[in-house]
Amino acid sequence: EAQVTQNPRYLITVTGKKLTVTCSQNMNHEYMSWYRQDPGLGLRQIYYSMNVEVTDKGDVPEGYKVSRKEKRNFPLILESPSPNQTSLYFCASSRDREAGELFFGEGSRLTVL
Amino acid sequence: QKEVEQDPGPLSVPEGAIVSLNCTYSNSAFQYFMWYRQYSRKGPELLMYTYSSGNKEDGRFTAQVDKSSKYISLFIRDSQPSDSATYLCAMSAAGGTSYGKLTFGQGTILTVHP
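Residue numbers (the numbering used here), protein chains in the order written: chain A, 2 to 114; chain B, 1287 to 1400.
Simulated from the structure, these hints should not be mistaken for lab results.
Hints are supplied without guarantee of correctness; some may be wrong.
To be verified - Using C-beta positions, here's what the derived DEER-type ranges look like:
id: 1; chain 1: A; residue 1: 39; chain 2: B; residue 2: 1343; range: 29 to 35 Å
id: 2; chain 1: A; residue 1: 114; chain 2: B; residue 2: 1302; range: 18 to 24 Å
id: 3; chain 1: B; residue 1: 1367; chain 2: A; residue 2: 40; range: 19 to 25 Å
id: 4; chain 1: B; residue 1: 1400; chain 2: A; residue 2: 57; range: 45 to 51 Å
What the hints assert, rightly or not - For lysine-lysine, the following DSS-like pairs were computed, each having C-alpha atoms within a straight-line distance of at most 27 Å:
id: 5; chain 1: B; residue 1: 1342; chain 2: A; residue 2: 72
id: 6; chain 1: B; residue 1: 1328; chain 2: B; residue 2: 1353
id: 7; chain 1: B; residue 1: 1342; chain 2: B; residue 2: 1387
id: 8; chain 1: A; residue 1: 66; chain 2: B; residue 2: 1387
id: 9; chain 1: B; residue 1: 1328; chain 2: B; residue 2: 1342
id: 10; chain 1: A; residue 1: 66; chain 2: B; residue 2: 1328
id: 11; chain 1: A; residue 1: 58; chain 2: B; residue 2: 1288
id: 12; chain 1: A; residue 1: 72; chain 2: B; residue 2: 1328
Stated by the list, open to error - Stretch-level coverage of chain A by chain B, calculated; a stretch enters the list once three of its residues show a Cβ under 8 Å from a Cβ in chain B:
id: 13; segment: 74-85
id: 14; segment: 105-114
Here the structure is a predicted model, which means the values were calculated and not measured.
Ideal Cβ positions, reconstructed from N, Cα and C, are used throughout, including at glycine.
I would like the entire structure built from these sequences, with the hints used as guidance.
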């Protein structure tokens, strides 16, 4: 089954404790991205990657890091989480960057205390 | 001002009603227009995809794009309780640094009650 898998789905952590949200897709997609979803603000892009070893900032990259060492994986790293990073995070992939059809994971709800 | 504004929210309709969901935008470079549906505790999934102006129909769903007014709509005919979800409009430009980047509206929560 074609899918984007994120882990963990739910996480409560404390300020400053580094964490990683993993993302893996099995569709051989080149393009992957991370979004955060907040009430009243919709989905905002954090980082995206057009291919292995190619990443770039989205609209709200502050406080986040990403890496793309393999085509299928695109982890999101919060080096020192803060309460304003409490949000619902989605990883997405698409066949290429031109395609509007993003395939989303089921989301990771992160709470930073 | 947000680049994409979505209204109304939230929306509650009886089963069988025609639903109209709308978005306005300010960036004239947007050429690709999409509607995503998001069920509770799930990721968004693509519902409709249109390029430039015009209409596109798929079953009970019709997407309309009016680039001259910078306005897009999604119509749902004969709405069903299973249509209850959050609907997100999304847009992207072609070329340049915006290439492939989607800008989303805030989303409209739709509830269809039996």
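Tested hints:
1. At roughly 33 Å, the beta carbons of residue 39 of chain A and residue 1343 of chain B sit within the given window of 29 to 35 Å.
2. Restraint check, residue 114 of chain A to residue 1302 of chain B: a C-beta distance of roughly 46 Å breaks the suggested window 18 to 24 Å.
3. For residue 1367 of chain B and residue 40 of chain A, the Cβ-Cβ distance of about 24 Å falls inside the hinted range of 19 to 25 Å, so the restraint holds.
4. One distance hint, 45 to 51 Å for the beta-carbon pair residue 1400 of chain B and residue 57 of chain A, holds here, with the actual separation near 46 Å.
5. Our distance criterion of 27 Å between C-alpha atoms is broken by residue 1342 of chain B and residue 72 of chain A, whose separation comes to about 34 Å.
6. At most 27 Å may separate the alpha-carbon atoms for a hinted pair to count; residue 1328 of chain B and residue 1353 of chain B exceed this at roughly 31 Å.
7. Distance hint between residue 1342 of chain B and residue 1387 of chain B is fulfilled; the C-alpha atoms sit about 22 Å from each other, no more than 27 Å.
8. Simply put, residue 66 of chain A and residue 1387 of chain B have alpha-carbon atoms about 18 Å apart, close enough for the 27 Å limit, and the pair holds.
9. For the proposed pair residue 1328 of chain B and residue 1342 of chain B, the alpha carbon gap of about 25 Å is at most 27 Å, so the pair holds.
10. Restraint check: the Cα-Cα separation between residue 66 of chain A and residue 1328 of chain B comes to about 24 Å, which is no more than 27 Å; the hinted pair holds.
11. Between the alpha carbons of residue 58 of chain A and residue 1288 of chain B the distance comes to roughly 19 Å, so the proposed pair stays at or under 27 Å and holds.
12. At most 27 Å may separate the alpha-carbon atoms for a hinted pair to count; residue 72 of chain A and residue 1328 of chain B meet this at roughly 24 Å.
13. For a cut-off of 8 Å, the count of residues in the segment 74-85 of chain A with a CB near a CB of chain B stands at 0, and the three-residue condition is violated.
14. Coverage of a stretch by a chain is defined here by at least three residues with a beta carbon nearer than 8 Å to that chain's beta carbons; for the segment 105-114 of chain A and chain B the count is 4, and the condition holds.
When each numbered hint is compared with the structure, violations occur for hints 2, 5, 6, 13.
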